[in-house]
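So the sequences go chain by chain: A and B.
Just so we're aligned: 276 in the working numbering is position 219 of the first sequence, and the numbers increase by one with no gaps anywhere.
Just so we're aligned: 402 in the working numbering is position 345 of the second sequence, and the numbers increase by one with no gaps anywhere.
Note that these hints are calculated values from the structure, not bench results.
If you're wondering where the values come from, they're calculated on a predicted model, not measured in any experiment.
Any given hint could turn out to be false.
Any copy, or any two copies together, can satisfy a pair, since identical chains are not distinguished.
To be verified - Cross-link-like lysine to aspartate or glutamate pairs, in silico, EDC-like; alpha carbons within 20 Å at most:
id	residue 1	residue 2
1	K260	D501
2	K367	E74
3	K488	E228
4	K188	D85
5	K314	E72
6	K314	D416
7	K59	E468
8	K469	E228
9	K367	D501
10	K188	E518
11	K154	D215
12	K154	E132
13	K367	D349
14	K154	D85
15	K187	E467
16	K138	D61
Protein chains: 2
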Amino acid sequence: MKQDDQIPYKIYLRENEMPAAWYNVRADMKQKPAPLLNPATHQPMGKEDLSAVFCEELVDQELNETDAYIEIPQEIRNFYKMYRPSPLVRAYCLEEKLQTPAKIYYKFEGNNTSGSHKLNSAIAQAYYAKKQGLKGVTTETGAGQWGTALSMACSYFDLDCKVYMVKVSYEQKPFRREVMRTYGASVTPSPSETTAVGQRILKEHPGTSGSLGCAISEAVEAATSNEGYRYVLGSVLNQVLLHQSIIGLETKRAMDKYNITPDIIIGCAGGGSNLGGLIAPFMGEKLRGEKDYRFIAVEPASCPSFTRGKFAYDFCDTGNICPLAKMYTLGSSFIPSANHAGGLRFHGMSSTLSQLYHDGLMEARAVEQTAVFEAAEQFARIEGILPAPESSHAIRAAIDEAMRCKETGEEKTILFGLTGTGYFDMVAYEKFHNGEMSDYLPTDAELQAGFDALPKFPGCEG
Amino acid sequence: MKQDDQIPYKIYLRENEMPAAWYNVRADMKQKPAPLLNPATHQPMGKEDLSAVFCEELVDQELNETDAYIEIPQEIRNFYKMYRPSPLVRAYCLEEKLQTPAKIYYKFEGNNTSGSHKLNSAIAQAYYAKKQGLKGVTTETGAGQWGTALSMACSYFDLDCKVYMVKVSYEQKPFRREVMRTYGASVTPSPSETTAVGQRILKEHPGTSGSLGCAISEAVEAATSNEGYRYVLGSVLNQVLLHQSIIGLETKRAMDKYNITPDIIIGCAGGGSNLGGLIAPFMGEKLRGEKDYRFIAVEPASCPSFTRGKFAYDFCDTGNICPLAKMYTLGSSFIPSANHAGGLRFHGMSSTLSQLYHDGLMEARAVEQTAVFEAAEQFARIEGILPAPESSHAIRAAIDEAMRCKETGEEKTILFGLTGTGYFDMVAYEKFHNGEMSDYLPTDAELQAGFDALPKFPGCEG
Numbered sequence: 058m059k060q061d062d063q064i065p066y067k068i069y070l071r072e073n074e075m076p077a078a079w080y081n082v083r084a085d086m087k088q089k090p091a092p093l094l095n096p097a098t099h100q101p102m103g104k105e106d107l108s109a110v111f112c113e114e115l116v117d118q119e120l121n122e123t124d125a126y127i128e129i130p131q132e133i134r135n136f137y138k139m140y141r142p143s144p145l146v147r148a149y150c151l152e153e154k155l156q157t158p159a160k161i162y163y164k165f166e167g168n169n170t171s172g173s174h175k176l177n178s179a180i181a182q183a184y185y186a187k188k189q190g191l192k193g194v195t196t197e198t199g200a201g202q203w204g205t206a207l208s209m210a211c212s213y214f215d216l217d218c219k220v221y222m223v224k225v226s227y228e229q230k231p232f233r234r235e236v237m238r239t240y241g242a243s244v245t246p247s248p249s250e251t252t253a254v255g256q257r258i259l260k261e262h263p264g265t266s267g268s269l270g271c272a273i274s275e276a277v278e279a280a281t282s283n284e285g286y287r288y289v290l291g292s293v294l295n296q297v298l299l300h301q302s303i304i305g306l307e308t309k310r311a312m313d314k315y316n317i318t319p320d321i322i323i324g325c326a327g328g329g330s331n332l333g334g335l336i337a338p339f340m341g342e343k344l345r346g347e348k349d350y351r352f353i354a355v356e357p358a359s360c361p362s363f364t365r366g367k368f369a370y371d372f373c374d375t376g377n378i379c380p381l382a383k384m385y386t387l388g389s390s391f392i393p394s395a396n397h398a399g400g401l402r403f404h405g406m407s408s409t410l411s412q413l414y415h416d417g418l419m420e421a422r423a424v425e426q427t428a429v430f431e432a433a434e435q436f437a438r439i440e441g442i443l444p445a446p447e448s449s450h451a452i453r454a455a456i457d458e459a460m461r462c463k464e465t466g467e468e469k470t471i472l473f474g475l476t477g478t479g480y481f482d483m484v485a486y487e488k489f490h491n492g493e494m495s496d497y498l499p500t501d502a503e504l505q506a507g508f509d510a511l512p513k514f515p516g517c518e519g
Numbered sequence: 058m059k060q061d062d063q064i065p066y067k068i069y070l071r072e073n074e075m076p077a078a079w080y081n082v083r084a085d086m087k088q089k090p091a092p093l094l095n096p097a098t099h100q101p102m103g104k105e106d107l108s109a110v111f112c113e114e115l116v117d118q119e120l121n122e123t124d125a126y127i128e129i130p131q132e133i134r135n136f137y138k139m140y141r142p143s144p145l146v147r148a149y150c151l152e153e154k155l156q157t158p159a160k161i162y163y164k165f166e167g168n169n170t171s172g173s174h175k176l177n178s179a180i181a182q183a184y185y186a187k188k189q190g191l192k193g194v195t196t197e198t199g200a201g202q203w204g205t206a207l208s209m210a211c212s213y214f215d216l217d218c219k220v221y222m223v224k225v226s227y228e229q230k231p232f233r234r235e236v237m238r239t240y241g242a243s244v245t246p247s248p249s250e251t252t253a254v255g256q257r258i259l260k261e262h263p264g265t266s267g268s269l270g271c272a273i274s275e276a277v278e279a280a281t282s283n284e285g286y287r288y289v290l291g292s293v294l295n296q297v298l299l300h301q302s303i304i305g306l307e308t309k310r311a312m313d314k315y316n317i318t319p320d321i322i323i324g325c326a327g328g329g330s331n332l333g334g335l336i337a338p339f340m341g342e343k344l345r346g347e348k349d350y351r352f353i354a355v356e357p358a359s360c361p362s363f364t365r366g367k368f369a370y371d372f373c374d375t376g377n378i379c380p381l382a383k384m385y386t387l388g389s390s391f392i393p394s395a396n397h398a399g400g401l402r403f404h405g406m407s408s409t410l411s412q413l414y415h416d417g418l419m420e421a422r423a424v425e426q427t428a429v430f431e432a433a434e435q436f437a438r439i440e441g442i443l444p445a446p447e448s449s450h451a452i453r454a455a456i457d458e459a460m461r462c463k464e465t466g467e468e469k470t471i472l473f474g475l476t477g478t479g480y481f482d483m484v485a486y487e488k489f490h491n492g493e494m495s496d497y498l499p500t501d502a503e504l505q506a507g508f509d510a511l512p513k514f515p516g517c518e519g
């Protein structure tokens, strides 16, 4: 293994180099993301509207389009110390194995018990809930990473935590449930009989294995119908991207320290929290015309919101009780086919990222899951880390780009986000090992059914 | 959270501060550990004897009682860079929660895919096997951490890896098996029909859930009956303690850098690899009369080799085909009761640690498993990390010592080894959450049965 003498294998920032403020990319966007709309009136939601569902300071962050930097409260920075800085790793072994002239770096967010970057926003949201004097929070979880992260954060601040877990994940990942219980959370498989919207969905679709959109509906109802509770969401929202900017800020500071400039920045995209956080400060430079970068969002071919979705207002949830967001969407009724493993199963995409993509500031690419697991296993064997299926979408694209460099001889610097570990995804790995994993591309007719169900009102595709 | 300005929350050594040689504590021991004996002749085994089972350079390390430092080959140091240095963490949050004047540090070895410190020795043993031109290696695994670690190491050096996994773990931990398969290993539940010794044990004890000692017998037979294979062991042996000294060397360098001196050093003890590695350089100072430390080995009350075992020559395996080691042992037929969760289930203990304990240089303590899981859950909620059951034995003792400081007002500095994470132990956590976990102390009669079966020959209790 050849190592550049000047660049450590892993770069850890020192405590005094850690970012003290989050970066709010919206402040530098000329074309701002469209506002959330009230589902009944189709009017932009203000602070009062949103405060029924979300914590007040988080609503401020959600609506803030002007401040480029927002200070990270000391209590959150204290918690960050438990598992941050995360390492920026030079993938020397992978480069050698691929025989590519490309230089590959990854920011690894999996070294914490939640197993992913989700903890970055969970602790912020729990902090503001505690500060507001709430009893607890409700949320949904798919693959279980967000629910675990929120359980940890709530345990730290002694808040109650109610998690609605997509039924198929609840059944496939009983151990995730036990991790959440270790941190004192209550976990309910969704759809459930515990909410009106859950009862309705069960009646309409008996035997459904659930979806993120459906679990969101239940969690929102549980928050708004219980005194002293608010709803928190692990992705999609502006506030979440803001908190996740810690990933990009650390990465950029580490790279600047060693005079490294990435040419291509790659992230997997479900709701967009990791991708949005990773690219934030780099996108800021691009928006301000200071530097140029290629950004690539990688999504599952079985849930292709960027690459095959519509840019329109849509509900964030299946039950249609949430605010409307302008985003790339497959329709709130869209559910990925049953053979899709892991997360990245949300029907929509962050409004901020959707606007950036719409404006041609980033690219998107869909990859099929057997190719993703091939990349995952290759990466595990070469770089040691067993990646989450979600993260492996970014690995797939990074390897593909590195192999392109091999063809062209270009010495590009590739940065990708390795969002988490796959320790709770061994059922999917087992299918892959046994040759039982398959790919699925939704048909045009299936997608059209989702588009037909999009809400229609003046300006909905505005 | 109050933080000492001078001491980071987590201390990571820089690349140029990393140890370049392992420390061999035997060089500083006046009373050397007793040699391995040939089970047939009861004579000390030399290089030739041992080379039938182990790789040659590892045999040299096994027998080396004179060199205090042995250089770490560059290839191993390269691999170490993937997951080392491991952080030395100041448990500020735990201290605050306990309201103790004690200062608590832990060396966390769980941030790698094997989930534990076992990778430190696995990569060394795989390296020497590769260097010797072998096709592959065989081994046993209990909780699965060692097997996973060895699979990763063999994958890195492109070696075949045959793992015999204790049947009860194989069944309770199917996901561990899939991790090993991800790294290309073959995994067989033990006892199995694939070896003569496995067949014999199955005949004598039909329906047995297996034991480490039994899996060792099978792995040794598989190594010696297949051309181009050798056997590797994840604990107990001198060579393993040597490799694991990287834990203690990193810890000591990090502490020295910030002028921290531990008063008490605590580690969990199964075969002794983590404890031996953690304490090595500190014990060296004690042996050389330079400094004094209290060392505490913590073992399960259900498998109490130090606290209730005999210091005598015994077989390392159930099938009695392995060399005899002088150690604290419960007898090679001893199997912990079925309600015992997790690892630390070996009937014996490292000869080196046994000698040190026998000579009064360290203490030992047995703890019951419900108390261990209470400490585990408390630690998870306060420090964020979900610990392995094994590691939680050390947490239990560290908390107990910190609470003693609270009573006495002493500001002691406590260091403990946090060997790994519990992501694959959620069945045990679930039992704990559901109130279904119990404790078991072996009766004197049960222990006596094990002692009665100890090999008897002149000098066996030396």
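Structure-based check of each hint:
Taking the closest pair of Cα atoms, K260 and D501 never come within 20 Å of each other, the shortest separation being 28 Å inside a single copy and 61 Å across copies. Taking the shortest Cα distances, K367 and E74 never come within 20 Å of each other, neither inside one copy (41 Å) nor across copies (53 Å). Proximity of K488 to E228 under the C-alpha cut-off of 20 Å is found in both arrangements, the shortest distances being 16 Å within a copy and 18 Å between copies. For the identical chains of this complex, K188 and D85 are neighbours neither inside a copy (29 Å) nor across copies (56 Å), given an alpha-carbon limit of 20 Å.
When the C-alpha separation of K314 and E72 is checked against a cutoff of 20 Å, the pair qualifies both within a copy, at 14 Å, and between copies, at 16 Å. Neither within a single protomer nor between protomers do K314 and D416 lie at most 20 Å apart by alpha-carbon distance, with minima of 31 Å and 51 Å respectively. Proximity of K59 to E468 under the C-alpha cut-off of 20 Å is restricted to the intra-copy arrangement: shortest distance 15 Å within a copy versus 46 Å between copies. Taking the shortest alpha-carbon separations for K469 and E228, neither the intra-copy value of 43 Å nor the inter-copy value of 46 Å comes in at or below 20 Å.
In this assembly of identical chains, K367 and D501 lie within 20 Å of each other by CA distance solely inside one copy; the values are 13 Å within and 73 Å between copies. When the C-alpha separation of K188 and E518 is checked against a cutoff of 20 Å, the pair qualifies neither within a copy, at 38 Å, nor between copies, at 64 Å. Proximity of K154 to D215 under the C-alpha cut-off of 20 Å is restricted to the inter-copy arrangement: shortest distance 13 Å between copies versus 47 Å within a copy. Taking the shortest Cα distances, K154 and E132 sit within 20 Å of each other only across copies (15 Å), while inside one copy they are farther apart (43 Å).
Taking identical chains as interchangeable, the C-alpha atoms of K367 and D349 are never at most 20 Å apart, the minima being 27 Å within one chain and 70 Å between chains. In this homomeric assembly, K154 and D85 never come within 20 Å of each other (Cα to Cα): the closest approach is 39 Å inside a single copy and 42 Å across copies. Proximity of K187 and E467 under a CA criterion of 20 Å is satisfied in neither setting, with 51 Å inside one chain copy and 34 Å between copies. Taking the shortest Cα distances, K138 and D61 sit within 20 Å of each other only across copies (13 Å), while inside one copy they are farther apart (28 Å).
Checked against the numbered hints above, the structure breaks hints 1, 2, 4, 6, 8, 10, 13, 14, 15 and satisfies the rest.
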